[in-house]
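In our numbering, the protein residues as written are 17 to 139.
For the record, the hints were derived by calculation from the structure and aren't laboratory data. Do not rely on the hints blindly, as some may be mistaken.
What the hints assert, rightly or not - Restricting the straight-line Cα-Cα distance to at most 25 Å, the calculated cross-link-like pairs of lysine to any residue (SDA-like) are:
| id | residue 1 | residue 2 |
| --- | --- | --- |
| 1 | Lys63 | Met79 |
| 2 | Lys120 | Pro54 |
| 3 | Lys72 | Thr84 |
| 4 | Lys72 | Met34 |
| 5 | Lys137 | Lys29 |
| 6 | Lys120 | Glu61 |
| 7 | Lys125 | Glu61 |
| 8 | Lys60 | Gly43 |
| 9 | Lys123 | Lys60 |
Small disclaimer: the values here were computed from a predicted structure and weren't measured.
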Amino acid sequence: MDRYRIMVIDDEKIVGDMAKMSLEQEGYIVETFLNAEPALVRLKEEKFDVVVTDLKMKGIDGMEVLRTVKRLYPETRVIMITAFANLDAAIEALRGDVHDFFPKPVKIKELKASIQRALSKQK
Numbered sequence: 017m018d019r020y021r022i023m024v025i026d027d028e029k030i031v032g033d034m035a036k037m038s039l040e041q042e043g044y045i046v047e048t049f050l051n052a053e054p055a056l057v058r059l060k061e062e063k064f065d066v067v068v069t070d071l072k073m074k075g076i077d078g079m080e081v082l083r084t085v086k087r088l089y090p091e092t093r094v095i096m097i098t099a100f101a102n103l104d105a106a107i108e109a110l111r112g113d114v115h116d117f118f119p120k121p122v123k124i125k126e127l128k129a130s131i132q133r134a135l136s137k138q139k
């Protein structure tokens, strides 16, 4: 069985660390990034099944990550998380074909369920 590849981009180290630990226990291959620049470089080298990204980050934000992922790999699902959840941001993300949108602090159980739904839609 192929193992699914998950990318997590969040400028809060604890978010990436918690997601990595929890998702690896489920058998996923997880790579974490503190900002989008190296993550986007990595995306050009390797396809990921799901990308979890923070919306608001210094430099490249989550919406730019979403656009880049969809341009490179239209079938890759993107899950957006943000401490700055507002209706405008959610609408923009949904128009950009985001799979799911969570306010912080995101509950790891909800994130796992969303990833499982995303992966089941890819098959």
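How the hints compare with the structure:
| no. | hint | result |
| --- | --- | --- |
| 1 | Lys63 to Met79 | holds, 18 Å |
| 2 | Lys120 to Pro54 | holds, 23 Å |
| 3 | Lys72 to Thr84 | holds, 16 Å |
| 4 | Lys72 to Met34 | holds, 19 Å |
| 5 | Lys137 to Lys29 | violated, 29 Å |
| 6 | Lys120 to Glu61 | violated, 29 Å |
| 7 | Lys125 to Glu61 | violated, 29 Å |
| 8 | Lys60 to Gly43 | holds, 23 Å |
| 9 | Lys123 to Lys60 | violated, 29 Å |
Figure legend: structure checked against the earlier numbered hints; hints not met, in rising order: 5, 6, 7, 9.
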